[in-house]
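Visitor: Generate coordinates for the entire structure from the input sequences, incorporating the hints supplied.
There are 2 protein chains.
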Amino acid sequence: MKIKDIGEFGLIERISKKSKKKDVLVGIGDDAAVVKTKGLQVLTTDCLVEGDHFRCDWFTPMQIGKKAIEINVSDVASMGGIPNYALISLCLPKDLDVDFVDEMYEGFWQSCEKYDIDIIGGNISRSRQIMISIMITGTVDKEDLTLRSGAKHGDLLFLSGAIGNGRAGLRLLQEEIKGYKKLRKKYLEPKAKLDFSKKVSFYANSMIDISDGLASEIKHICDDSNCGAVIYKDRIPIDDEVRNLANHLSEDAFDYALYGGEDFELLYSVSKENKDDVIGICIGEITSRDIFLMLKDKKIRMKNQGYDHFFID
Amino acid sequence: MKIKDIGEFGLIERISKKSKKKDVLVGIGDDAAVVKTKGLQVLTTDCLVEGDHFRCDWFTPMQIGKKAIEINVSDVASMGGIPNYALISLCLPKDLDVDFVDEMYEGFWQSCEKYDIDIIGGNISRSRQIMISIMITGTVDKEDLTLRSGAKHGDLLFLSGAIGNGRAGLRLLQEEIKGYKKLRKKYLEPKAKLDFSKKVSFYANSMIDISDGLASEIKHICDDSNCGAVIYKDRIPIDDEVRNLANHLSEDAFDYALYGGEDFELLYSVSKENKDDVIGICIGEITSRDIFLMLKDKKIRMKNQGYDHFFID
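The listed protein sequences derive, respectively, from chains A and B. Reading the first sequence from the start, the letters are residues 1 to 313 in this note's numbering. Reading the second sequence from the start, the letters are residues 1001 to 1313 in this note's numbering.
Careful, some of the hints might be misleading.
[Claimed, not checked] Below, computed lysine-lysine pairings styled on DSSO-like, alpha-carbon distance capped at 30 Å:
| id | chain 1 | residue 1 | chain 2 | residue 2 |
| --- | --- | --- | --- | --- |
| 1 | A | Lys17 | A | Lys2 |
| 2 | B | Lys1191 | A | Lys94 |
| 3 | A | Lys21 | A | Lys38 |
| 4 | A | Lys18 | B | Lys1018 |
| 5 | B | Lys1272 | B | Lys1142 |
| 6 | B | Lys1094 | B | Lys1004 |
| 7 | B | Lys1038 | A | Lys22 |
| 8 | A | Lys198 | A | Lys182 |
| 9 | A | Lys219 | B | Lys1272 |
| 10 | B | Lys1002 | A | Lys36 |
| 11 | A | Lys36 | B | Lys1191 |
| 12 | A | Lys198 | B | Lys1038 |
| 13 | A | Lys21 | B | Lys1038 |
| 14 | B | Lys1018 | B | Lys1198 |
| 15 | A | Lys152 | B | Lys1022 |
| 16 | A | Lys38 | A | Lys142 |
| 17 | A | Lys22 | B | Lys1094 |
| 18 | B | Lys1017 | A | Lys142 |
| 19 | B | Lys1020 | B | Lys1199 |
| 20 | B | Lys1198 | A | Lys18 |
| 21 | B | Lys1020 | B | Lys1152 |
| 22 | B | Lys1002 | A | Lys219 |
| 23 | B | Lys1191 | B | Lys1275 |
FYI, nobody ran anything at the bench for these hints, they're computed from the structure.
Guide: Below, the structure written as structure tokens:
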């Protein structure tokens, strides 16, 4: 059964679920949702486009649905926030199987359930490519709010986990290489570091998620905080499978980590006096200016390069 | 100059503006926006897709930008709310002219300025078709909140203005007919009825905007309010140009009004005792069940038919 067989309203009926949260006065089914709010609200939107962010022969519909939620939760997590509501805007080809939409929605629901997010609205349009635009709102306590602009000279720089998996996973699938089970799963099923963020946001002076590569993200922090940084190359955590794949392809695993994307790990800076209170992997330090990569015996200026959707073919 | 010449980050620099509202702690430029909130919040998202909602040879980029904001404001207005923030998610072809994006953003800004909306975030991805997904939040006072489910037996049904323009305008452009200046402008530059909503929302028991045709919208109200309705056909306001065009094409102007779409007028129901306090055009009445169209000499059951993106070729 195709979408064009049941139409927009047939589809909406299949995917509408009642909201669970008591603060939702109006959920799916009216012109807009209405919720009770107070305090600081975090709002973010991120989009997945077929061919750019995912390929239907690589990802299952469920994985696409989950990824769409995770990448938005990751943005909320990087602000030190807790997500609560989602709006889902879908553009779908009319010849797409309804089963695909059902399974993708199962992915939305499972990931939303995990994070206690209510889907309170959305809309569906027709397009040639599948496009999923999600908006998530959340709340944040003032003392947990972690901006790109909060880094201070002398702060230590931490990562929540190994990076380079995003680019390595993409290369794995592009080159149709077998094996690398863990890496494959990490790429196809990325996870937002929300629990991690809850543990470090109180102590972090600045935070960002690694969506376009470490080099690009540290530059955002330094630009916005008016500071510099030094990163110790040998401290950058990279999984064995990522190193092995890079070797196999005669590529550089550090390039994956520095200039790749879609890792969704958190990069954050913490004052030295709080370093024993935070978890994570210390990879460097905030300085007064310029961004350097420290090798064993030399210091090189970090290239300003990250994943750019419009520069990739 | 094409988007691929300046990339995602080049584009983001051109379109980032600082927020003006004092309640915006973090606007464009971090992983998410952060705003102070309290009370009831309205949240909606609507999408414009090239080829489905607009054609680039019909609309100027500025008109596309304005329409994208207006259709979302219309959803907030139909809840009795006041918009305040927007997130803009764009999917753009890499060969698109940067000038197109600049001009479209000028449209976003002009419409947002008109409604005192701050654009606080968004994202840009690459796609084959232009897709604009906008999320708008707003506030609403409890006494102004107008749901689809609030209609009461005996309420009078009102429209904020003439309908049928959406479908008529589409037909005008599809058939490449000259003239019809007012109709053309109404189609290419639709306006949300926010000021109108402010005047009637306090009195309205239910409200919806006409985005998929009157027949479809009255059915939403009746389904959600568990009631019926009768609409007097000769009271449905239709502009002369719409009638003239329908005649010219040997089509029925009432079909445009009943089963067309994209009119963005408001349909609302008001208790009889408040009828002298509201503005608008009375077209019918809420009954206990079934939806009828009343002609001069007979009563016919309203067809359940509206604009469906997936049923149109």
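Visitor: Do the alpha carbons of Lys1020 (chain B) and Lys1152 (chain B) lie within 30 Å of each other, as the hint requires?
Guide: violated, 41 Å
Visitor: Next pair to validate is Lys198 (chain A) with Lys182 (chain A); report whether the Cα-Cα distance is within 30 Å.
Guide: holds, 25 Å
Visitor: Check whether the Cα positions of Lys1198 (chain B) and Lys18 (chain A) lie no farther apart than 30 Å.
Guide: Within the cut-off at roughly 29 Å; holds.
Visitor: When you check the alpha-carbon spacing of Lys17 (chain A) and Lys2 (chain A), does it fall within 30 Å?
Guide: holds, 21 Å
Visitor: Are Lys1017 (chain B) and Lys142 (chain A) close enough, with their CA atoms no more than 30 Å apart?
Guide: holds, 24 Å
Visitor: Is the Cα-Cα distance between Lys1191 (chain B) and Lys1275 (chain B) 30 Å or less?
Guide: Holds, at roughly 25 Å.
Visitor: Checking one constraint from the list: CA of Lys21 (chain A) to CA of Lys38 (chain A), max 30 Å. Satisfied?
Guide: Since the Cα atoms of Lys21 (chain A) and Lys38 (chain A) sit roughly 15 Å apart, the hinted pair holds (cutoff 30 Å).
Visitor: Next pair to validate is Lys1094 (chain B) with Lys1004 (chain B); report whether the Cα-Cα distance is within 30 Å.
Guide: Holds, at about 5 Å.
Visitor: Starting from Lys38 (chain A), check that the Cα of Lys142 (chain A) is at most 30 Å away, please.
Guide: holds, 13 Å
Visitor: Compare the distance between the alpha carbons of Lys1002 (chain B) and Lys219 (chain A) with 30 Å, and conclude whether the hinted pair is satisfied.
Guide: This hinted pair holds, its Cα atoms lying about 25 Å apart.
Visitor: Checking one constraint from the list: CA of Lys1038 (chain B) to CA of Lys22 (chain A), max 30 Å. Satisfied?
Guide: holds, 16 Å
Visitor: Tell me if the straight-line CA distance from Lys1020 (chain B) to Lys1199 (chain B) falls inside 30 Å.
Guide: holds, 27 Å
Hint violations for this structure: numbers 4, 9, 10, 17 and 21, all remaining hints satisfied.
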